[in-house]
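Participant: Each chain is listed here by its residues.
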Amino acid sequence: MGRLARLRFLAVGATIVLAAVLCAVMAPLLAPHDPYLPVVSARLIPPVWDAGGTWQHPLGTDPLGRDLLSRIIYGARVSISAGALAVVVSMTFGVLMGLLAGYYGGLVDSIIGNLVNVILAYPFLLLALAAIAALGPSFGNMIVVLGLTGWPVYTRVVRAETLKVREREFVQAARALGLGTARIIRAHVLPNLLNTIIVMASLEVARMIILESFLSFLGLGIQPPTPSWGGMLGEGRVYMLTHWWLAAFPGLAIFITTLGINLFGDGLRDVLDPHRVLTPAGVRTE
Amino acid sequence: MQVYILHRLFQALFVCLGISLITFFLLHVVGDPVLLLLPQAASDADVALLKDQLGLDRPLAAQYLSFLTDALRGDFGRSLFTQDSAFALILERLPATLELTLAGMLVGLGIAIPLGVISAVKRGALTDRLCTVGAVAGQAMPIFWLGIMLILVFAVKFRVLPASGRGTVWHLILPAVTLGAYLAPLTMRLTRSGMLDVLTQDYIRTARAKGVRERVVLFKHALRNAAIPIVTILGVQFGRLLGGAVVTETVFAWPGVASLAVKAIRTYDYPVVQGAVVFLALVVVLANLLADVAVTFLDPRIRLGREHG
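Just so you know, the protein sequences line up as chains A and B, in that order. Count along the first sequence from 1, then add 2; that gives the number in our numbering. Count along the second sequence from 1, then add 80; that gives the number in our numbering.
Since no wrong hints were added, every one of them can be taken at face value.
Pair by pair, the computed Cβ-Cβ distance ranges are:
id : chain 1 : residue 1 : chain 2 : residue 2 : range
1  : A       : Tyr38     : B       : Gln133    : 39 to 49 Å
2  : B       : Leu145    : A       : Met28     : 54 to 64 Å
3  : A       : Val14     : B       : Gln281    : 27 to 37 Å
4  : A       : Ser83     : B       : Arg346    : 18 to 28 Å
5  : A       : Val90     : B       : Asp155    : 36 to 46 Å
6  : B       : Arg285    : A       : Ala7      : 23 to 33 Å
7  : B       : Leu148    : A       : Leu137    : 17 to 27 Å
8  : B       : Gly214    : A       : Met28     : 25 to 35 Å
9  : B       : Ser146    : A       : Phe172    : 51 to 61 Å
10 : A       : Pro193    : B       : Phe161    : 50 to 60 Å
It is worth saying that the hints were derived from the structure and are not from the lab. Ideal Cβ positions, reconstructed from N, Cα and C, are used throughout, including at glycine.
Turn these sequences into a full structure, and let the hints steer you where they fit.
Facilitator: Have a look at this one:
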């Protein structure tokens, strides 16, 4: 695919991401109704283009008469913040582990390497579910669990890159000059890995949003009445046979957002790291 | 070769030990089973009694050790609610999970490999672009939503397929498509990039030059070599596949091991959770091991170059 087409993808992705972030930040200004306010007279109104729909509630209402569009706009807050925070936690921990394993090698490397293997072999979702069951469902616990289960992806890649950078002349020179390890890692190794890390992190936000939605979908993440896309999808599933829009739109919101993030991340990779096209994050094909 | 396989076996053993330790730690240290099982108003005497009954008053290390030795004998304890052996529950549901994952894998690979090959051969053409766009969209798709949408369309709207449960081959279609759609995008991209790498090699040019038919060149000469990264990744991806099974089984009420685990997690039936999670993780370890060994058979170069990798 041509470079121009890829840049177009990047632009589309950036637009979607920006729109989602705007929804999250300006939800009170954008939402036409109060997302928490039940209106008994407005229960289960279909979307505007269905028979019985109204422009008052373009995407319809839920069984409590709350406006679906407003709840979806507010739901962006949960998904965006959970995705971003979970990535910050897992990235910080994963990168640190990768740097240590790659720079020191030997015993440190083999301990961290085995830990990574253990976590990667563990069915990720079950690990997260078991941890949430043990800790109890809440926003904070969800971030901790997602963060602590998502780090090995970074560690693998950062370790491999650190191994390469460590042998380069400028790092050897820094060592010969007597610089401390911490300083070498911070000033000479890390900056060379930054592009790779940024690309991975941006793609991981999408994965974390999907995981957060699934946890909330199962009732183990964000608790009602706080509107979250996954939670709404879980509630909507109960009414699926008769009121399709309740499950369809929250899921569509998740899909569009993660699609935007993936397009953005893929585009970013082409711009920042043109040698590694078309390999998904964390997976090297050479 | 034998050294390499032994090394991998040893590593796998270590991973199994780690998995059992993490699971035990999560369920017994991070969460206290007794506090989660009893109502909040329970008296200290009740707590002590239940601890005694479940053997939870012994030191943690002793508990872990007996969990480990029992597990080695295929004994994961009994469900707190039904008193059934956890291992028996898992075995009972294993065929359903195997059926679903195999069907999902068939659908996924059945879509991904032909599309990946076509995409690589027609690089830059409209087909290639459509496939790439499809793969990007597929990777962003939350599959629990996809499953629900498939139910909405095929079970609710057109009433041609059952919405949930297991039984006939018709029941298998929607869950298998959902799981396949989860696996396909990444596999397609890997097949495409693997084929692109291989198609520029000298031996492909030689094969073409000596007049071998294009179909044979593509599927015999090229795909076999492109298969190496695909098989490796599939092994690594097996954990992801089981994660997909967790989602799919939940959405379609598919009576497999993963939905058993999810149900047990919700009721904190920790012997069943321990059993199911450790069991599924062992399956992943085994799959990774098999994929690694399979790759050494596919490509003799690897077993020489990978001793230290």
